[in-house]
Every structure is written in structure tokens, then in C-alpha cells.
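**Q** Given next are the chains, with one letter for each unit.
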Amino acid sequence: MTHAPDDRASLLASLRGMLARHQPAPRAGAVGVAEEIDPALPGGGLSRAAIHEVLGEDTGSCTAFCGHLLSRAGGQAAWIEPPRSDDLPWPPGLALFGLDPACLLLIDAAGEDALWAAEQALRSPALAAVVAVLPRLDLAAARRLQLAAEAGGTLGLLLCPREAQRSEARPAPTAARTRWRVSPLPGRDGAPHRLGATRWRLDLLLARGGRPARWDVTWDEGRKTLIVDHSSSQAAHG
Amino acid sequence: MAETRRHLVLWLPHLAIERLIRSDPALAGKPLVLWAQSGPRRLVTAAAEGVPVAPGTPLADALAATPGLLCLPADPAADAALLASLAAWCLCVTPFAAAVPPDGIALDITGCAHLKGGEAALLAWLTTRLERAGFSVRGAIAATALGAAALARGGAHGAIVTAAEQARAVLPLPLSAIRPGAEALEAAARLGLRTVGDLERQPRGPLARRLGREVIRLLDEALGRAQSPITPIRPAPPARRAIGCPEPILTAEAIGAALETLMQALCDDLARRGLGARRLTLACHRTDATVQKIGIGTGEASRDAAHLARLLAARIERIDPGFGIERLVLAAEVTEPLGARQGGFAGSAAAAAARREELGQLLDRLRERLGPRALWRLDPFPSHWPEHAVRAADPASAPREPPQGWGAKQRPVRLARRPRPIAALSLLPEGPPVRLGERRVVAAEGPERILPAWWKPGVQPGARDYWRIETEDGRRLWVFATRERGSPAWFVHGWFA
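Chains as they are written, first to last, in the numbering used here: chain B, 1 to 238; chain S, 1 to 497.
Check the hints yourself; a few may be wrong.
Stated by the list, open to error - Which stretches of chain S does chain B cover? Using the computed rule of at least three CB atoms under 8 Å from a CB of chain B, they are:
{"#": "1", "stretch": "366–376"}
{"#": "2", "stretch": "392–404"}
{"#": "3", "stretch": "412–426"}
{"#": "4", "stretch": "443–455"}
{"#": "5", "stretch": "474–483"}
Unchecked claim - Derived SDA-like pairs (lysine to any residue); straight-line CA-CA distance at most 25 Å:
{"#": "6", "chain 1": "B", "residue 1": "K224", "chain 2": "S", "residue 2": "R475"}
{"#": "7", "chain 1": "S", "residue 1": "K409", "chain 2": "B", "residue 2": "R223"}
{"#": "8", "chain 1": "B", "residue 1": "K224", "chain 2": "B", "residue 2": "L106"}
{"#": "9", "chain 1": "S", "residue 1": "K30", "chain 2": "S", "residue 2": "L63"}
{"#": "10", "chain 1": "S", "residue 1": "K293", "chain 2": "S", "residue 2": "G322"}
{"#": "11", "chain 1": "S", "residue 1": "K409", "chain 2": "B", "residue 2": "G196"}
{"#": "12", "chain 1": "S", "residue 1": "K30", "chain 2": "S", "residue 2": "P13"}
{"#": "13", "chain 1": "S", "residue 1": "K116", "chain 2": "S", "residue 2": "R241"}
{"#": "14", "chain 1": "S", "residue 1": "K409", "chain 2": "B", "residue 2": "D100"}
{"#": "15", "chain 1": "S", "residue 1": "K409", "chain 2": "B", "residue 2": "I227"}
These are computed hints drawn from the structure, not numbers from a lab.
C-beta: ideal position from N, C-alpha, C; glycine also.
Using the sequences and the hints, build the whole thing.
**A** Written out as C-alpha cells, the structure is:
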């Protein structure tokens with residue numbers, strides 16, 4: 001490239017233009033996580049037509065986080081889980097996170113079938129978002145899902161509840177656009193007979209075109225949104 | 001409209017015997033006799049060709065007169081099943097085929113004969129095929145089914161008569177050709193009436209009194225004066241396309257290619273008529289006069305050729321081509337009105353309809369591979385008992401409105417399919433747990449007592465005291481205690497966010 005150093009801005013612009021030409025137009029940009037988190041994410045939220053990983057050891061907070069994102073994505077959503085799992089997503093609780101039970105399609109599939117079902121669901125323009133509970137994927141399989149999501153313009157969430165610790169020790173390469181870790185935080189009230197509002201620590205472990213970050217958030221029941229606790233998150237972010 | 005229709009009747013005089021020979025070729029050429037129990041006696045129902053025993057003879061008499069007979073019990077149900085399957089095979093030449101028990105097949109071939117190059121060629125083709133499959137066949141074509149049947153049974157094998165010639169052809173036939181029933185036949189014999197023509201020459205009033213009105217109806221139909229439609233083994237499907245193979249095909253690829261052609265033609269038909277298919281079957285007519293069938297159903301009416309072909313293609317492997325498939329018939333068995341689709345702006349009704357169609361196709365594809373029970377939705381249900389607050393529903397069904405107050409209480413986002421017992425410690429008999437398994441409980445909200453549906457009959461579980469608790473590592477669980485046997489037993493039932 002024969003650009004002068006001060007021509008950096010135009011170089012970036014031309015590169016962005018080249019990239020944009022090759023990328024399929026996303027259906028409606030991005031799905032917002034929370035008002036205060038979105039500006040830190042590339043594309044201003046979780047981009048549709050892409051897959052995102054959600055890790056976490058606590059099945060409840062991971063499920064609720066995904067449920068919240070599904071409701072934000074709007075439209076029909078699918079949730080792929082292995083059959084005969086011990087517990088299942090429960091609409092009465094997910095309704096508190098804004099997810100309409102009529103919009104949630106549950107699919108029982110495991111192993112190869114689950115991968116296939118996830119690909120079919122992501123490829124279909126009928127669905128706005130897909131959650132797939134999958135074991136850790138190899139790069140080729142993840143790439144396949146990413147291509148399917150691009151074809152269908154669907155938000156894909158890969159939920160790997162038991163993978164949190166392993167991936168922290170040795171982060172695996174991934175085709176996903178972002179990787180999140182959701183961990184529960186103790187309630188703020190401190191009273192032994194009251195639980196208080198739901199609080200999580202959201203770790204953005206990996207973001208393509210963005211920086212890793214950490215937020216401590218509180219669920220606002222009335223507004224159905226996540227509020228960032230500034231005191232703790234700034235400190236944690238450092 | 002008697003003169004406009006054409007009927008072909010095949011008569012299989014030795015069906016019962018030939019069924020046994022087909023299943024056991026060693027029986028061919030043996031002096032075979034079939035018998036059935038009739039009250040205290042065993043009567044012969046059928047005898048192999050060349051055995052001088054008339055049906056209806058007591059078995060003991062037959063054995064006395066002709067020693068060395070091979071006697072086997074008759075199986076009318078198996079004969080009827082074979083006849084029905086042969087009639088189904090005949091669907092490869094016409095959509096209207098009927099089994100005429102006990103030993104006939106009637107086909108309405110109006111407008112179908114050109115497929116094989118004329119009526120004579122069609123009749124010859126069918127008889128050759130059935131003879132090759134091991135059946136003796138007599139066939140005839142006439143304007144009415146009964147006329148054709150009379151010709152076939154009366155010894156005029158291969159007769160093809162027009163409506164005008166029919167009466168003349170049927171009149172010289174023996175009276176038994178129209179099967180008036182044993183009693184009527186006997187009465188007619190006493191009167192000296194031996195042929196159809198004898199009957200025709202009698203005055204109708206006294207004839208009806210002596211032999212019954214049924215005989216008059218048979219006579220009119222045999223002579224082509226009246227027409228009653230045949231009862232096809234299945235109603236003609238609303239839309240149907242068939243393809244004949246110049247050479248019998250054997251491979252899945254060839255079937256797949258034929259299927260694509262057929263599907264495109266069928267979907268064009270459906271589009272012209274504003275229909276969509278809910279159920280499709282592909283019938284493969286094999287060279288040995290049997291039919292192999294595969295079928296699919298769709299959640300929503302569709303006429304998307306690529307989608308439907310993909311669903312059916314997954315089942316092609318189940319077809320056993322045998323010695324080859326010579327004809328494929330694709331039929332839309334169940335159809336529904338489906339309006340023309342029109343593109344529209346995002347958010348418009350047209351776009352919503354397109355998305356619904358896409359969703360229906362996705363559900364069909366998933367269901368095809370994962371099974372019908374793998375896809376479901378949890379619909380809200382007005383019950384306070386946690387296990388009953390939602391019900392599994394078919395995702396294609398209309399969603400249920402949440403009942404009043406549903407989803408207002410703090411409920412977990414995941415629920416255990418069955419509550420998990422856990423070791424817990426509480427300081428007070430009715431109090432919250434302070435330790436749960438390995439973990440210390442830092443906060444507990446409750447209790448919320450939930451009673452089972454005590455007004456319903458049957459044994460109900462005990463009352464549950466639910467607590468929302470937070471453990472020291474920040475997890476929030478939904479646990480409950482039951483006190484059925486005095487001391488509380490603790491269970492984990494759900495996970496909060």
C-alpha cells in the first residue's frame with residue numbers, strides 16, 4: 001500500500017468499504033444488550049446475522065440473559081436443547097424477562113442432530129433468533145453456523161453452560177462474533193430475608209472489532225432492561 | 001350418461017388357488033382344493049384347474065369321489081387383501097379402480113385408454129402383466145361395469161363392446177354371468193330361463209315378483225340401460241401426476257429425478273387451481289404388480305416444489321424397487337386453498353404471510369428428521385401448581401392467550417422436570433434453609449405455600465413451602481420443603497436468573 005501515514009483515515013474508510021461490499025446486509029443491524037453497554041460493542045449491539053457465545057456456570061443467569069436477548073431480537077425464536085435434559089427453559093420465569101411464550105419454539109436435539117437443527121434454524125429467515133445448547137464446537141462447525149446465520153439474518157446464541165472455566169484457562173479460537181460470560185452476583189440488599197433485584201457480572205471475553213470489557217449490571221424489573229452499576233464496573237474494568 | 005363412460009373388468013377366476021401357489025410355488029400342479037366350514041359341514045370353495053370338483057360340494061364327498069386331493073382351508077380375508085392390492089396396482093392406469101369381491105376388479109377407464117394406445121392394448125397390457133404375476137385373468141370392456149363383468153365371466157374374454165353393441169353381446173351369455181345370487185339362479189332354472197336373453201324376453205313385472213327387483217337392476221345394468229358408478233378403493237386425489245418409465249428404474253437417483261419432474265408439474269397444477277398440498281404420496285408401481293408408497297405431511301399447505309421434493313426425497317431410501325419401477329404416481333391426497341403469494345414491504349401482511357410460510361417449511365424439515373415430538377411450544381395454562389403452569393403444544397397451533405395474572409409472580413427461568421431431592425438444614429421447623437448441600441444460604445425469601453389441586457380426584461402430592469434462596473456464590477434457586485412425614489424433605493425445583 002502506498003498510503004502516506006497521515007492518510008490513515010482514508011485507508012480505513014476504503015478498507016471498510018471493501019469489507020462492506022462483501023458482507024451481506026444485516027437485517028436490522030444489531031440487537032441491543034443494554035443502553036449503556038451497546039456503545040462499547042462493535043456495531044452498537046450484538047449484530048444479527050452472526051453467532052455469539054454465552055458461557056457461564058450458573059444455568060439460571062445464562063438462560064435469563066439469553067431470554068432477554070431473544071425478547072429484544074423480537075419475533076419468533078427457537079431454543080435447541082438436548083432431549084431428556086433434567087431441566088427446561090420455563091416460560092413463566094422467562095416472561096419476566098420480556099419473552100412471550102408464544103414466540104418460543106423448543107426443539108429437542110442433541111449431538112449431530114442439534115448441529116443440523118441449529119444450522120437449519122439459523123438459515124431460515126422465519127426466525128429472529130436461535131439459542132442452541134451445544135457442547136464446545138470445533139472451528140469448522142462454528143464457521144458453518146456463522147455462515148448459516150449470515151444467510152438467514154438470524155441472531156445465533158450458543159449457550160455452553162459448563163464451559164466457563166475451561167475457556168478462561170485456554171480460550172479456544174472461535175468463529176463467533178462475541179463471547180460473553182455471565183455470572184451471578186449477590187443481591188445488594190444485604191438483608192437475610194430479601195433477595196433484591198437480580199444482578200450479574202457480564203464479561204465480554206472476546207469481541208471481533210472490539211475490546212474485552214466487564215460490566216456489573218442490575219435487572220430493572222419495571223423497565224425490562226439492564227442497568228450498569230457504575231461504581232463497580234469502572235473499577236473492575238480498570 | 002351411460003354411453004359416455006367406459007369400464008374394464010378383470011375377472012380372476014382362480015384367485016384363491018393362485019394366491020397359495022404364489023406364496024408356495026411347490027403347490028403348482030397339485031390337485032388342490034380349498035374348503036371352508038359352513039355350519040356342521042365343510043364345503044369346497046375353490047378347486048385348482050383340472051380338479052373335477054365343483055365349489056359347494058361337501059369336502060367328504062369330494063374326497064370320496066376323487067382320492068388324493070390336497071385340502072387346504074380357505075382364507076377369504078387374505079383373498080380380499082390380495083384383491084385390494086391388485087386393484088391398487090391397477091391405479092397405474094386409471095384413478096378409479098374398485099375391487100369387486102370376491103374375485104373381480106373394475107376399472108373406470110374413461111379417457112385413460114390412450115395411455116397404452118387404445119382399449120385393446122390396455123386390456124392386453126393388464127392381462128399380460130397379471131398373467132406374468134401368476135394369475136389367470138379374463139377381461140372385457142363395456143359401457144357399464146356390470147356389462148363388462150358379465151362378458152368377462154360369461155366366456156367372452158377380450159370382448160370390447162360399445163354402448164350400442166353391449167346389449168347384443170350380453171344377451172346370449174349364461175344367466176350366471178350377471179351373478180343374480182344362488183336362489184334367483186335356481187328359480188330361473190326352474191322356469192327354464194338359462195341365458196340373459198331368456199330373462200330379457202320375460203315381462204318385467206312378474207319377473208320382479210318371482211326373482212326379486214335386484215335381478216331387474218342387474219339385468220338393466222348388464223345391458224347398459226342403467227349405470228351405477230363403481231366405488232373406487234380410494235377417492236381420486238384432488239391433484240395427481242404420473243410418469244411412466246421407458247425402462248424400469250432401480251436407483252434412488254433415478255427416482256429422485258423422476259420425483260423432481262413430477263413435483264414441478266404437480267405444483268404447477270396446484271398453483272393454477274389455487275391449492276396447496278397438506279399430504280403427498282408417491283406411489284411406485286413395480287413390474288411385479290405391487291405398489292410401494294411413501295408419504296409426507298406438511299404443517300401448512302404448500303406448493304413449493306423444492307421444499308416438498310426435499311421432504312419426500314428423505315424417504316426415497318425406504319422404497320424397495322424390487323425388479324424395477326415402471327410407473328410413478330405423485331398425488332396430493334389432502335389439499336387446502338392457498339392464495340397466490342404477493343411480495344410486500346417489510347411489516348406488511350404479505351411479508352408476515354411469507355414469514356409464516358418460511359416457518360412452516362422450517363418446522364416440516366425439522367420434524368422430518370427429528371421426529372414429530374421433538375418440536376414443541378410451552379403454552380401458558382391456568383394452574384398454580386408449577387408442573388402444570390405450562391402445557392406442551394404443537395408449534396403449528398394457534399398460541400394460547402396467557403391467563404390473568406400468569407407470569408406476574410417471581411418464577412424461575414428454568415424448571416427441573418422433576419424436583420431434585422437435596423440435603424438441607426433449617427434452624428426452625430417452618431423456617432428457611434440455612435445450608436443447602438455444600439453451600440451456605442445467605443438470603444431467603446418466603447415461604448410461599450402452594451397446595452396441590454385437592455379438589456381433583458386421585459392421590460395428590462403434599463403441600464409445598466417454596467423459598468427463593470440465594471447461596472453464598474450468588475446463585476438463586478427455587479427450593480421447597482414438604483412435610484409429609486413430619487420432618488421436612490427439601491427439593492430444588494428451579495433456577496432463577
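**Q** Quick check: which numbered hints come out false for this structure?
**A** none
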